[in-house]
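Put chain B on the given structure of chain A with help from the hints.
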Amino acid sequence: MIGTTPAVGWYVFGVVPSDAAPAPGTYLVERGPLAAIAAEVSLAEFGEEVLPERLNDRAWLEEKVRVHEAVLQSFVGVTPVVPLRFGAIYHDLGDVRRLLAERGEGFEAVLERVRGRVELGVKAWFDPTRVTRPAAGSGREYLQQRRDELSSARDAAAVAAAAHERLASTADAAVVNRPHPRELTGRDEQMLLNGAYLVPDGDETFAAEVARLAEEQLGAGITFELTGPWPPYNFAEDDA
Amino acid sequence: MSARDLVHHSGGAAPAQLADVLERVLDKGIVIAGDIQIHLLDIELLTIKLRLLVASADKAKEMGIDWWQGDPFLSRNGGDNKLESRIKELEKKVGLE
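The listed protein sequences correspond, in order, to chains A and B. Under numbering that gives the first Met the number 0, the residue at position 236 of the first sequence is numbered 235, and the numbers go up by one with no gaps. Under numbering that gives the first Met the number 0, the residue at position 75 of the second sequence is numbered 74, and the numbers go up by one with no gaps.
Looking at chain A on its own, in the form it has when it is part of the complex:
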């Protein structure tokens, strides 16, 4: 065909030091001390005209988002990595090198900040039915119990805030995100805390602190969940 535009682009996942080894299926596009993790993508899939529709195709999105995560995950514990948000696409490799040139200082600062560290996620869940209390014998006791349940929900929110403070003091950096709504989690428990913490890779201090919190709050109907290690998604902004 005559006059067709190039049908491929370069999808950039993140930035690593130039001495890193590439992840399977990706290239490292080097410039100076930095390298962009890139893969060739078809513009029939990632072109500007088709992308809005693709983004609303749940199966497509899930697949691509999981690939993005898997590529970045392969660097965790191996070399520092700066995660880019989903969908950084360039027409040619010259544009990718220009990105490294223009934003190089910021990328290097983030790489230094996250070097030797990983992101861990902590969620706290509240289930009022798990609050331990003596069985109600009389009507008066029953009413008191209902009042306790209401106040225990308020207490749980305060406990979650205090838990975040404690975890943040154990971590090198901390971010608190919006708890996921029940429609998204599909769980009966209420998510009280959705935190992300930057901690030294392989250090057990943080996990031990989460375990201590879990033990302390067992009777209050609050459970803790630890996720990761993740690439430092929550600690990637240059000015963070």
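Be careful, since some hints might not be right.
Over 12 Å on every C-beta distance to chain B, these chain A residues come out as not near it, computed from the model [claimed, not checked]: (1) G24; (2) D91; (3) E140; (4) A152; (5) A160.
Derived coverage of chain A by chain B (criterion: at least 3 residues anywhere in the stretch with Cβ under 8 Å from a Cβ of chain B; other residues may be distant) [as the list claims (entries may be wrong)]: (6) 163 to 173; (7) 213 to 226.
Don't read these hints as lab results, they were simulated from the structure. As the structure is a prediction and not an experimental result, all values here were calculated from the model. Every residue gets a Cβ at the ideal spot worked out from N, C-alpha and C, and that includes glycine.
Here is chain B on its own, set in the frame of chain A:
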């Protein structure tokens, strides 16, 4: 049981929860203006859609979203029957039946 056993740890070999991955990959990380524009609005629409997709009809009812139940065009056992019987009544009155 040690205190460590109280904490549910997903990670390592276990596949991460989709919501956790979506939150990080779509909402975190450095924003780059590439050659191809991804419109934030599309992403926002998408997260709203995802939330609704994840919610089953039962969950929606629990949340108090039950507008379809009172809508005669959408519900067979809602206002629809009443409307139908009212029409039948009127038809009888004017001798159509």
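We went through each hint and held it up to the structure:
{"no.": "1", "hint": "G24", "verdict": "17 Å, holds"}
{"no.": "2", "hint": "D91", "verdict": "9 Å, violated"}
{"no.": "3", "hint": "E140", "verdict": "29 Å, holds"}
{"no.": "4", "hint": "A152", "verdict": "17 Å, holds"}
{"no.": "5", "hint": "A160", "verdict": "19 Å, holds"}
{"no.": "6", "hint": "163 to 173", "verdict": "violated (count 0)"}
{"no.": "7", "hint": "213 to 226", "verdict": "holds (count 8)"}
This entry does not satisfy hints 2 and 6, going by the numbered hints stated previously.
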